[in-house]
Amino acid sequence: MSQRCQQSANMELEENEELIDDEDEESEGDDNSSSSSRERPTLNVKIGDTGKTIAGVESSQVAGSPKDFFLKESVSLENTNKTNNFHQQVPQNSSRPTKTFEEMCRLEDLKQRKKGYTGSKTTIDDFEFKSAKSQRNQNQSKPMDKSVVLISLAVVIILSFVAYMSPESSTASNSQVNGNMRTWEDSQKKLVSDILQLQKQFPSQYRESLIHILSAIDSTLSRVVPKQPSSIVLLVPPKLAKSSFPLCFAQKLSKLTNEIFSEMNGTDTPSTFTMDSKYFQKYGKDITKIHDQLNNYFLNGGRSIIVQDVEKLQDETHLLVFHGLCDNYYAPEKRATLLFILPVPQNLFTTSKLNNGMASELSYQILDQGWKSTTNDDSRPAMIARIAASVVFLNEGDSCN
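Here the sequence shown is numbered in our numbering, starting from 3 and rising by one per residue.
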């Protein structure tokens, strides 16, 4: 196809060049005819020694010697004869057939070549090739657009899932989350109501102690995830050391705490997780199983843990468990509440210390004395401070079933 187009283009080159020259000379002829209508200054020119003169020559044309003028006139006369012969062969008003797309393509290429264009000629094959290439590029761009859309959707889904699973946003909105029964505000109101019920049920307990307990548990119900879990030490007077009341009271606190979170999450209330010195002796130095049990408890919705006779732990490895549970940064569950039941020895107990103002100092003395052989003097104060964040007294006079 390209060779046939090349041969046709070469054959028409001569014809179209004559047509183009024709158009140019026609325009020049019109200019000459219009200019000839105006009078111009002429003069008579003498040629050589012959004595002959040529009349009617424009003064602007006499630029050199008579010989130069004669040569110019001869060339002009020959061009005029050629033009007249060409006009006789090609009539001015001859009608031309309508050019096809292929002819227009070739004519445009001839014009470009006449102007000195040395690039490749535009042919039908080239046009079809460029059209097919453009269509192919468009088809290739479509899958890329789809892939970009799919990637964007995947990113949105991942971010939504992360936000949904994060503790800050899992239940931290005013509306109900996951079809749960309560919001944070409702849970805080329920906590106040439950503490008031405990006050009625156990009227002998110090009102100040119940306020400290309420404040500590309430910190885990805030919209923003707390910096660390809530740790509460329940100091037990010597007369209640062998009573079931301290454990029963702690179990009621633990149950109402787990119920609040279960109602928010729409899950069943788990049983209270209880730990004591015998529990740690069972696992020895292998605390990996202890961490696994605690993590499973939190995953199942548990938020409260009861710890008994913590002062009897004699292995520093066991104390590291509580160091991790109460950590500011790496606690497995920062909304957890840890209840430590700590008996007060008879030698440290006096009636003058039965007030919450002295509770923190008393708990420090008990734990410092109990862990003196377990931890060094540098790390022990920090460990005690993490466990004894909130300290309250339990009072005699109430029974618990």
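Mixed in with the good hints, there may be bad ones.
No more than 25 angstroms apart at the CA atoms, straight line, and that leaves these computed lysine to any residue pairs for SDA-like [claimed, not checked]:
{"no.": "1", "residue 1": "291", "residue 2": "265"}
{"no.": "2", "residue 1": "229", "residue 2": "314"}
{"no.": "3", "residue 1": "314", "residue 2": "249"}
{"no.": "4", "residue 1": "192", "residue 2": "350"}
{"no.": "5", "residue 1": "241", "residue 2": "329"}
{"no.": "6", "residue 1": "280", "residue 2": "264"}
{"no.": "7", "residue 1": "257", "residue 2": "336"}
No lab work stands behind these hints: they were computed from the structure.
Hints and how they fare:
{"no.": "1", "hint": "291 <-> 265", "in the structure": "violated, 29 angstroms"}
{"no.": "2", "hint": "229 <-> 314", "in the structure": "violated, 28 angstroms"}
{"no.": "3", "hint": "314 <-> 249", "in the structure": "holds, 17 angstroms"}
{"no.": "4", "hint": "192 <-> 350", "in the structure": "violated, 37 angstroms"}
{"no.": "5", "hint": "241 <-> 329", "in the structure": "violated, 33 angstroms"}
{"no.": "6", "hint": "280 <-> 264", "in the structure": "violated, 29 angstroms"}
{"no.": "7", "hint": "257 <-> 336", "in the structure": "holds, 18 angstroms"}
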